[in-house]
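Put chain B on the given structure of chain A with help from the hints.
If you read the protein sequences in the order shown, they are chains A and B. With the numbering used here applied, the first sequence covers 8 to 159. With the numbering used here applied, the second sequence covers 5 to 508.
Note that these hints are calculated values from the structure, not bench results. Just so it is clear, the structure is predicted and the values come from calculations on it, not from any experiment. Watch out, some of these pointers could steer you wrong.
[As the list claims (entries may be wrong)] Facing chain B, a subset of chain A residues (Cβ under 10 Å, in silico):
#, residue
1, Gly30
2, Ala31
3, Val36
4, Pro41
5, Gly51
6, Leu74
7, Lys78
8, Leu80
9, Trp83
10, Ala99
11, Leu101
12, Glu103
13, Gly106
14, Met111
15, Leu117
16, Gly118
[Unchecked claim] Calculated lysine to any residue pairs in the SDA-like style (CA-CA distance at most 20 Å, straight line):
#, chain 1, residue 1, chain 2, residue 2
17, B, Lys435, A, Ile67
18, A, Lys154, A, Val96
19, B, Lys435, A, Ala27
20, B, Lys358, B, Arg109
21, B, Lys389, A, Phe133
22, A, Lys78, B, Thr231
23, A, Lys78, B, Glu439
24, B, Lys435, A, Gly17
[Stated by the list, open to error] Taking beta-carbon pairs under 10 Å as the criterion, some of the chain A residues facing chain B (in silico):
#, residue
25, Phe26
26, Gly43
27, Pro45
28, Gly49
29, Phe53
30, Leu130
31, Val143
32, Val155
33, Leu156
Idealized CB from N, CA, C, for every residue including glycine.
What follows is the residue order along each chain.
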Amino acid sequence: MNGKPGLRSGQDLLCGVMFAAVGAGALWVGRSYPMGTPVRLGSGVFPWLLGWGLVGVGAIVFVRGLLTDGKRLTGWAWRPVLLITLAAVAFALLIEPAGLVVTMLVVMTLGALAGEDHRRRELAIFFPGMIAMAIVVFIWGLGMPIKVLPWN
Amino acid sequence: MELSDLGSNLALGFSVALTLENLFWCLVGVVVGTAIGVLPGVGPVATMALLLPVTYYLPAEGALIMLAGIYYGAQYGGSTTAILVNLPGESSSVVTCLDGYQMARQGRPGQALAIAAIGSFFAGTVATVLIAVAAPPLTRLALQFGPADYCSLMVLGLVTAVVMAHGSVIKALGMILLGLLLGIVGTDVQSGALRFTFGVDILFDGINFVPIAMGVFGLNEIMANLTNKQRRELLSSNIGTLMPSREDLRRSFGAMVRGTGLGSLLGILPGGGAVLASFAAYTLEKRISKTPEKFGTGMIEGVAAPESANNAAAQTSFIPMLTLGIPSNAVMAMMVGGMMIHGIIPGPQVMTEKPGLFWGMIASMWLGNLMLVVFNLPLVGIWVKMLMVPYRLLSIAILFFCCIGVYSLNNSAQEVLLIAVFGLVGYLFHKLDCEAAPMLLGFILGPMMETYLRRAMLLSRGDATVFVTSPLSLTFLVLSALLLLVVILPAVRRTREQAFVEES
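Chain A extracted, bound-state conformation (with noise of 0.2 Å):
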């Protein structure tokens, strides 16, 4: 728990600031769209209307979690969500310079030490079988156009 003291809603503070964040944010950035005329909408009406929304929304949420007893925000679970982050991130650098075996061991490591139990032995078996299905299926089968092997 690491709801700060004193605050009711934990949870609903920071979600009514997130949505009003993205609605001002949405408000600042799009201040310079023109509005056009009411015959012809310019390409700003829409987002405005959505950030004053947002924004209303967002007081809403913030004023009731400051009013009521609500959930508290409960603790991350930063290993899973770093890791699965991660591994996400690292397709994306790896697939292209890399190729398809390195990057998915690479990706399955990182999701293998997401979860709290792997074992050895069991991934030993595991990881190849993926790579050898990915290259048939994707490789062989959907032509898709990644490099196997680094230096290929």
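For chain B alone, kept in the frame of chain A given last:
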């Protein structure tokens, strides 16, 4: 004349659906659907998102037939896990656990599985006919809508989605607005101006639907599932006889009919769908039963009604998407995504411009249901074995498929970075108790709504009162306002909260 139309339409549909190729894609869809239905923690939305890139390689008919099969196939699979393991394989099978698992404990798992399958098939058949009958008149009606009517109809759809969303109404509203905003990122079709692209070139064409869906549903599901562990205990691998007794059938029949009726109705409503339908059907059975206290102890009605209802709803939820082009839940948003990949703009014109696709898909639903009922029961043993695949391996496979799936769309590594971003954002939503499904609906509807809004203003020469002077538009707006009012009223809110508490 109407009737002969129906006949010729269905004949056209079957002529498309019965080709060897389309039968194959239908089979793939329902098998994949059953598989993910059996597995807890893997839902139809994430699976459809995973397979969207694959459909790129298929003809449009095959792609949509397969995607549809995943959804209703999942309803069949979900009940298997619910009955045998007391875990809902799908959220729409939560209530099936109550009586289904008890039946299994009393040594009648076979009968429970059989009734679930028969009920689903009965519901699937009725719902298919219902779609075929309801679609043409609804489409004709939709073709007469002006842009203002359309705009208001979308408002109604989004408001209903808000009302039906689990949890907080105001948060669901915020998520819809967020989705609408994400939907208009990129080049404005009307003026060519760039909006919210921050100079990032992959955003110029707008955010692709697939990375959002995969990040928010695929990656986020892994993150959430890896943190809460489930124990899977298989009751017994011995299914016993599948034949329900005459008494079982007699008692189930009424429940199936009622479940189908209720499910069909709830499926059509925006934001509705299989989950709500199964819960409502169970409640109804309990209420009208002479022995309500026996529910939860292995009453066969408690299996027949929700399983019929969830399948009926899964299918009738295609009606608004097919006739109006408006997705009513996250699964239908995926279907729209699938159509757009093939350059089909969903809406009433699909039926007239692509009758083969339209009726082929409807006919395939009945064929798919038939396949499910014929193949599934004998294969139950195999499905159950699948539960032995530990989630620690499954999660790794899903992670990789998400990445390569997005990459295969445009061979763009940058789009894979997008799923990382949306995975994180999705986890934030999860932590804040904000449901992602309304956001996805908003995302799909955002550009459409803006276009109709502009068109309405142009046609009315800048007069915003067109939204209340057109009778249709006025009706939709009044309905939306009433719905919002109803939810805000405390009495209704309390029962609604109760309903969702029981459901989860």
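Comparing the hints with the structure gives:
{"no.": "1", "hint": "Gly30", "verdict": "holds (8 Å)"}
{"no.": "2", "hint": "Ala31", "verdict": "violated (12 Å)"}
{"no.": "3", "hint": "Val36", "verdict": "holds (6 Å)"}
{"no.": "4", "hint": "Pro41", "verdict": "holds (7 Å)"}
{"no.": "5", "hint": "Gly51", "verdict": "holds (9 Å)"}
{"no.": "6", "hint": "Leu74", "verdict": "violated (13 Å)"}
{"no.": "7", "hint": "Lys78", "verdict": "holds (7 Å)"}
{"no.": "8", "hint": "Leu80", "verdict": "holds (7 Å)"}
{"no.": "9", "hint": "Trp83", "verdict": "holds (7 Å)"}
{"no.": "10", "hint": "Ala99", "verdict": "holds (4 Å)"}
{"no.": "11", "hint": "Leu101", "verdict": "holds (9 Å)"}
{"no.": "12", "hint": "Glu103", "verdict": "holds (6 Å)"}
{"no.": "13", "hint": "Gly106", "verdict": "violated (13 Å)"}
{"no.": "14", "hint": "Met111", "verdict": "holds (6 Å)"}
{"no.": "15", "hint": "Leu117", "verdict": "holds (8 Å)"}
{"no.": "16", "hint": "Gly118", "verdict": "holds (4 Å)"}
{"no.": "17", "hint": "B:Lys435 with A:Ile67", "verdict": "holds (19 Å)"}
{"no.": "18", "hint": "A:Lys154 with A:Val96", "verdict": "holds (19 Å)"}
{"no.": "19", "hint": "B:Lys435 with A:Ala27", "verdict": "holds (17 Å)"}
{"no.": "20", "hint": "B:Lys358 with B:Arg109", "verdict": "violated (50 Å)"}
{"no.": "21", "hint": "B:Lys389 with A:Phe133", "verdict": "holds (17 Å)"}
{"no.": "22", "hint": "A:Lys78 with B:Thr231", "verdict": "holds (19 Å)"}
{"no.": "23", "hint": "A:Lys78 with B:Glu439", "verdict": "holds (15 Å)"}
{"no.": "24", "hint": "B:Lys435 with A:Gly17", "verdict": "holds (11 Å)"}
{"no.": "25", "hint": "Phe26", "verdict": "holds (4 Å)"}
{"no.": "26", "hint": "Gly43", "verdict": "holds (8 Å)"}
{"no.": "27", "hint": "Pro45", "verdict": "holds (3 Å)"}
{"no.": "28", "hint": "Gly49", "verdict": "holds (7 Å)"}
{"no.": "29", "hint": "Phe53", "verdict": "holds (5 Å)"}
{"no.": "30", "hint": "Leu130", "verdict": "holds (8 Å)"}
{"no.": "31", "hint": "Val143", "verdict": "violated (13 Å)"}
{"no.": "32", "hint": "Val155", "verdict": "violated (13 Å)"}
{"no.": "33", "hint": "Leu156", "verdict": "violated (16 Å)"}
Going through the hint list in order, the structure does not satisfy hints 2, 6, 13, 20, 31, 32, 33.
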